[in-house]
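Enquirer: Chain by chain, the residues run as shown.
There are 2 protein chains.
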Amino acid sequence: MVQKRSNAGLDVSMNRERLSAPRKLLKYIEELKNTHAEIFWKLPFDDSGIAKIGKLADQYRAKGFENVVVIGIGGSSLGTLAVWKALRGACPEPGRGDKKLFFAETLDVRRLSRLLKKLRSPSVFVVVSKSGTTTETIANTAVLLDQMKNKDQAAVVTDRDSKLWHWAQKRGFDILESPRQVGGRYSVFSAVGLFPLALGGVDISRLVAGAKQITSDCLLASTEANPALRSALTIWKHWKRGKIIHDTFLFEPDLEWFGKWYRQLTGESTGKGGKGLMPTVSIGTTDLHSVAQLYLGGPDNRFTTFVSVRDHGADFVISNKSGIEELVPDISGKAFSAILDAILAGAKTAYQKKKLPFMEIKLAALSPESVGALLQMKMIEMAYLANLLGVNAFDNPQVEMYKEETRKSLHAINTKS
Amino acid sequence: MVQKRSNAGLDVSMNRERLSAPRKLLKYIEELKNTHAEIFWKLPFDDSGIAKIGKLADQYRAKGFENVVVIGIGGSSLGTLAVWKALRGACPEPGRGDKKLFFAETLDVRRLSRLLKKLRSPSVFVVVSKSGTTTETIANTAVLLDQMKNKDQAAVVTDRDSKLWHWAQKRGFDILESPRQVGGRYSVFSAVGLFPLALGGVDISRLVAGAKQITSDCLLASTEANPALRSALTIWKHWKRGKIIHDTFLFEPDLEWFGKWYRQLTGESTGKGGKGLMPTVSIGTTDLHSVAQLYLGGPDNRFTTFVSVRDHGADFVISNKSGIEELVPDISGKAFSAILDAILAGAKTAYQKKKLPFMEIKLAALSPESVGALLQMKMIEMAYLANLLGVNAFDNPQVEMYKEETRKSLHAINTKS
Numbered sequence: 008m009v010q011k012r013s014n015a016g017l018d019v020s021m022n023r024e025r026l027s028a029p030r031k032l033l034k035y036i037e038e039l040k041n042t043h044a045e046i047f048w049k050l051p052f053d054d055s056g057i058a059k060i061g062k063l064a065d066q067y068r069a070k071g072f073e074n075v076v077v078i079g080i081g082g083s084s085l086g087t088l089a090v091w092k093a094l095r096g097a098c099p100e101p102g103r104g105d106k107k108l109f110f111a112e113t114l115d116v117r118r119l120s121r122l123l124k125k126l127r128s129p130s131v132f133v134v135v136s137k138s139g140t141t142t143e144t145i146a147n148t149a150v151l152l153d154q155m156k157n158k159d160q161a162a163v164v165t166d167r168d169s170k171l172w173h174w175a176q177k178r179g180f181d182i183l184e185s186p187r188q189v190g191g192r193y194s195v196f197s198a199v200g201l202f203p204l205a206l207g208g209v210d211i212s213r214l215v216a217g218a219k220q221i222t223s224d225c226l227l228a229s230t231e232a233n234p235a236l237r238s239a240l241t242i243w244k245h246w247k248r249g250k251i252i253h254d255t256f257l258f259e260p261d262l263e264w265f266g267k268w269y270r271q272l273t274g275e276s277t278g279k280g281g282k283g284l285m286p287t288v289s290i291g292t293t294d295l296h297s298v299a300q301l302y303l304g305g306p307d308n309r310f311t312t313f314v315s316v317r318d319h320g321a322d323f324v325i326s327n328k329s330g331i332e333e334l335v336p337d338i339s340g341k342a343f344s345a346i347l348d349a350i351l352a353g354a355k356t357a358y359q360k361k362k363l364p365f366m367e368i369k370l371a372a373l374s375p376e377s378v379g380a381l382l383q384m385k386m387i388e389m390a391y392l393a394n395l396l397g398v399n400a401f402d403n404p405q406v407e408m409y410k411e412e413t414r415k416s417l418h419a420i421n422t423k424s
Numbered sequence: 008m009v010q011k012r013s014n015a016g017l018d019v020s021m022n023r024e025r026l027s028a029p030r031k032l033l034k035y036i037e038e039l040k041n042t043h044a045e046i047f048w049k050l051p052f053d054d055s056g057i058a059k060i061g062k063l064a065d066q067y068r069a070k071g072f073e074n075v076v077v078i079g080i081g082g083s084s085l086g087t088l089a090v091w092k093a094l095r096g097a098c099p100e101p102g103r104g105d106k107k108l109f110f111a112e113t114l115d116v117r118r119l120s121r122l123l124k125k126l127r128s129p130s131v132f133v134v135v136s137k138s139g140t141t142t143e144t145i146a147n148t149a150v151l152l153d154q155m156k157n158k159d160q161a162a163v164v165t166d167r168d169s170k171l172w173h174w175a176q177k178r179g180f181d182i183l184e185s186p187r188q189v190g191g192r193y194s195v196f197s198a199v200g201l202f203p204l205a206l207g208g209v210d211i212s213r214l215v216a217g218a219k220q221i222t223s224d225c226l227l228a229s230t231e232a233n234p235a236l237r238s239a240l241t242i243w244k245h246w247k248r249g250k251i252i253h254d255t256f257l258f259e260p261d262l263e264w265f266g267k268w269y270r271q272l273t274g275e276s277t278g279k280g281g282k283g284l285m286p287t288v289s290i291g292t293t294d295l296h297s298v299a300q301l302y303l304g305g306p307d308n309r310f311t312t313f314v315s316v317r318d319h320g321a322d323f324v325i326s327n328k329s330g331i332e333e334l335v336p337d338i339s340g341k342a343f344s345a346i347l348d349a350i351l352a353g354a355k356t357a358y359q360k361k362k363l364p365f366m367e368i369k370l371a372a373l374s375p376e377s378v379g380a381l382l383q384m385k386m387i388e389m390a391y392l393a394n395l396l397g398v399n400a401f402d403n404p405q406v407e408m409y410k411e412e413t414r415k416s417l418h419a420i421n422t423k424s
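Residue numbers (the numbering used here), protein chains in the order written: chain A, 8 to 424; chain B, 8 to 424.
Among the hints, a few may not be true.
All copies of an identical chain are treated as equivalent in the list; a pair is satisfied when it fits inside any one copy or across any two copies.
[Stated by the list, open to error] Restricting the straight-line Cα-Cα distance to at most 27 Å, the calculated cross-link-like pairs of lysine-lysine (DSSO-like) are:
hint: 1; residue 1: 177; residue 2: 282
hint: 2; residue 1: 177; residue 2: 369
hint: 3; residue 1: 282; residue 2: 244
hint: 4; residue 1: 244; residue 2: 362
hint: 5; residue 1: 40; residue 2: 107
hint: 6; residue 1: 107; residue 2: 125
hint: 7; residue 1: 177; residue 2: 362
hint: 8; residue 1: 360; residue 2: 282
hint: 9; residue 1: 40; residue 2: 244
hint: 10; residue 1: 158; residue 2: 328
hint: 11; residue 1: 369; residue 2: 49
hint: 12; residue 1: 177; residue 2: 62
hint: 13; residue 1: 219; residue 2: 282
hint: 14; residue 1: 31; residue 2: 410
hint: 15; residue 1: 410; residue 2: 328
hint: 16; residue 1: 156; residue 2: 247
hint: 17; residue 1: 31; residue 2: 158
hint: 18; residue 1: 244; residue 2: 34
hint: 19; residue 1: 328; residue 2: 125
hint: 20; residue 1: 70; residue 2: 247
hint: 21; residue 1: 369; residue 2: 170
hint: 22; residue 1: 170; residue 2: 361
hint: 23; residue 1: 362; residue 2: 415
hint: 24; residue 1: 410; residue 2: 360
hint: 25; residue 1: 70; residue 2: 107
hint: 26; residue 1: 244; residue 2: 70
hint: 27; residue 1: 355; residue 2: 49
Calculated directly from the structure, the hints in this document are not laboratory data.
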């Protein structure tokens, strides 16, 4: 295995196979690197913009509140969710300095009712919509802002001069700009993700530090030293051999939302013109008890990226107090992390024996730096992968289609009533 | 569309295409229907067994406790999770008569630490393992039971005479029997699912009533009147045409864990001998903003089942107080449910225009009856689907493979230390 240990705490291991990048891709890397335009990979380097975001968040925190409600969907919320859940867990309890972060994504009467019940203390509502005209976001905004109380605050993240921008201006809400040239799924390191995360209590300077650290490696023209390039080439090579599914197998359940974020990144960046990789997300060790049979015994159409974390911070050691050694041999006296490693090793050996191709990413820890590096590496990887597939990484032409049909349906209800 | 409205509050709509069942399958239905053996579909009909489970749960509830911790993984927890989350939501707050239900599934130091912090009041630990030798379950049991306090209680659900059975007997824990002839993924209507759900506060008699109500339809030899048969034939027919992915697109986020349960059901029942359907789970409307581009513009290799709920109980009506009509036309004055219906209708029209095949399941409500009917219908459907694919629905031969490798890895650590 080629192992690349990066400064940002992100190691990528792949089979020691010679990879060569097509000339077209090498040219694209040069363009990407040397562009003067606003582009996603530069977002973490906007020091003054990020400082402003952090300062505004600090001002809100100084005024005091308990809850942050992120009103957004898709690219407007998935990056924030990915980071927040990775760092704080699935159903987080606020820790020191943390606020409660809630997400109003889809239209859901039950969820919104539950959320409203929880908003008994002062809250900040952050409406995130690039276009400013997202149906779900605006509908949730209507209900939530109608309930605003004295000490509640509201801010908006949207494109400069969108309808939402002017709407917010009229109402005196704070407005943060989303980067116009950057699509939602590539915008986590802008105000879109950073502002609500900072409100919640995440150290965004550590997050972007991780992203910054890995960037230079990811822009190298070397298939050995550039983890994003290596990853893209490996996935693409297997795609050409019929591995049309790319499974991200996360041996850390709190990375599930990173998986969902990457699912959008893959789906919207590669799925066009009849092409596209099918992104799936598996959670270890749980899914070994759920879909391992399919993975090991079913169709051979999958490339897998195992993701795990080296340092779990704390650990549990299994005692034999309860006499469990008679149930499972070889576990008493072992640490959770060692058992987890053994299970991951077992799964990888089974994959190898079945000749199922995979690569591996190891985070140093679930730290802001590692998570930041992971997201940045994956976005750059996706730009390369789309280039290899011959599709535009940054558009999503078909999404307009169901939206148009929805508008017609909505209008039809209107005229009937 | 053929629409089948069932008594159990489960409507299944499919294209009005003539379907005919192979003779082999019709014979199989007869066998399934007339078997005298212990078999999954009969579990909801075990009135006295279910009454006993309910009674034992009542005894625990009378003694008093606040938390239920389900220690199990895969088939030992997914059914319970599917029902609990569908009825109570993703991060539920206990309602009237409800206890807090926690799940210790994988080995996760962070999650288990968080869980331990939450168990400050009396708890019931339910260890669920068919074989009684599941590594994750036993490791979690070791840590959790070591922390047991005076008022905590423990019970075990396992196969009669398993090692765990005898281990629990020695310690005086209550023991409930898991149905020996029924695999984990088909066992939700046994003590495996019903006991923890009853402890949590779910009315299990309503849950099994829904399952019972739909069963007779699902055992009919009619492709028109049998929703399980119709669903299996439709999925299979499209699988033969290259739709190797079966996407369950849930327009109700709290059904996400039903999706995960169905993912195991599909994966372990069909994934063998190089065959198998790839189950994916999408959540509406969220994933329209995440993977719709791939679904509408990417490879044409997917059959979709849309699942939605007719009655949301309450509703929100969008006011124009906040002036949102200038942002999204045609939503002010509308109810959430109407907008949601419009978005689902928009998505379906887009699928139709793109000739992407789908069927539809509508639950009357997120009630125990509807959820019970849905799970029972899907398990019977899966038995038919496996028959059509020519694989054994009930085994999982390859799972042993990574377990064997894990045992070796675990043993290796042992000898080194």
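Enquirer: Confirm or reject each hint.
Expert: Here's how the hints hold up against the structure:
In this homomeric assembly, residue 177 and residue 282 never come within 27 Å of each other (Cα to Cα): the closest approach is 44 Å inside a single copy and 59 Å across copies. In this assembly of identical chains, residue 177 and residue 369 lie within 27 Å of each other by CA distance neither inside one copy nor across copies; the values are 48 Å within and 42 Å between. Proximity of residue 282 to residue 244 under the C-alpha cut-off of 27 Å is found in both arrangements, the shortest distances being 14 Å within a copy and 23 Å between copies. In this assembly of identical chains, the alpha carbons of residue 244 and residue 362 lie at most 27 Å apart only when taken from the same copy (15 Å versus 30 Å across copies).
In this assembly of identical chains, the alpha carbons of residue 40 and residue 107 never lie at most 27 Å apart, being 38 Å within a copy and 52 Å across copies at closest. For the homomeric pair residue 107 and residue 125, the shortest alpha-carbon distances inside one copy (10 Å) and between copies (17 Å) are both at most 27 Å. When the C-alpha separation of residue 177 and residue 362 is checked against a cutoff of 27 Å, the pair qualifies neither within a copy, at 61 Å, nor between copies, at 45 Å. With identical chains, the CA atoms of residue 360 and residue 282 are at most 27 Å apart between copies only, with a shortest distance of 18 Å across copies and 30 Å within one.
For the identical chains of this complex, residue 40 and residue 244 are intra-copy neighbours only, at 24 Å inside a copy versus 49 Å across copies, given an alpha-carbon limit of 27 Å. In this assembly of identical chains, the alpha carbons of residue 158 and residue 328 lie at most 27 Å apart only when taken from different copies (19 Å versus 52 Å within one copy). In this assembly of identical chains, the alpha carbons of residue 369 and residue 49 lie at most 27 Å apart only when taken from the same copy (24 Å versus 46 Å across copies). When the C-alpha separation of residue 177 and residue 62 is checked against a cutoff of 27 Å, the pair qualifies only within one copy, where the shortest distance is 23 Å, while the shortest distance between copies is 61 Å.
Taking the shortest Cα distances, residue 219 and residue 282 never come within 27 Å of each other, neither inside one copy (31 Å) nor across copies (44 Å). Proximity of residue 31 to residue 410 under the C-alpha cut-off of 27 Å is found in neither arrangement, the shortest distances being 34 Å within a copy and 44 Å between copies. In this assembly of identical chains, residue 410 and residue 328 lie within 27 Å of each other by CA distance solely across copies; the values are 25 Å between and 59 Å within a copy. In this assembly of identical chains, the alpha carbons of residue 156 and residue 247 never lie at most 27 Å apart, being 56 Å within a copy and 57 Å across copies at closest.
Taking the shortest alpha-carbon separations for residue 31 and residue 158, neither the intra-copy value of 55 Å nor the inter-copy value of 68 Å comes in at or below 27 Å. Taking the shortest alpha-carbon separations for residue 244 and residue 34, only the intra-copy value of 19 Å comes in at or below 27 Å, while the best inter-copy value is 45 Å. Taking the shortest Cα distances, residue 328 and residue 125 sit within 27 Å of each other only across copies (23 Å), while inside one copy they are farther apart (41 Å). For the homomeric pair residue 70 and residue 247, neither the shortest alpha-carbon distance inside one copy (55 Å) nor that between copies (61 Å) is at most 27 Å.
Taking the shortest alpha-carbon separations for residue 369 and residue 170, neither the intra-copy value of 43 Å nor the inter-copy value of 36 Å comes in at or below 27 Å. Proximity of residue 170 and residue 361 under a CA criterion of 27 Å is satisfied in neither setting, with 55 Å inside one chain copy and 31 Å between copies. With identical chains, the CA atoms of residue 362 and residue 415 are at most 27 Å apart between copies only, with a shortest distance of 19 Å across copies and 49 Å within one. Within a single copy, residue 410 and residue 360 get their C-alpha atoms only as close as 46 Å, which misses the 27 Å cut-off; across copies the closest is 13 Å, which meets it.
Only within a single protomer do residue 70 and residue 107 lie at most 27 Å apart by alpha-carbon distance; the minimum there is 16 Å, versus 34 Å between protomers. For a Cα distance limit of 27 Å, the shortest separation of residue 244 from residue 70 qualifies neither inside one copy, at 53 Å, nor across copies, at 61 Å. For the identical chains of this complex, residue 355 and residue 49 are neighbours neither inside a copy (35 Å) nor across copies (38 Å), given an alpha-carbon limit of 27 Å.
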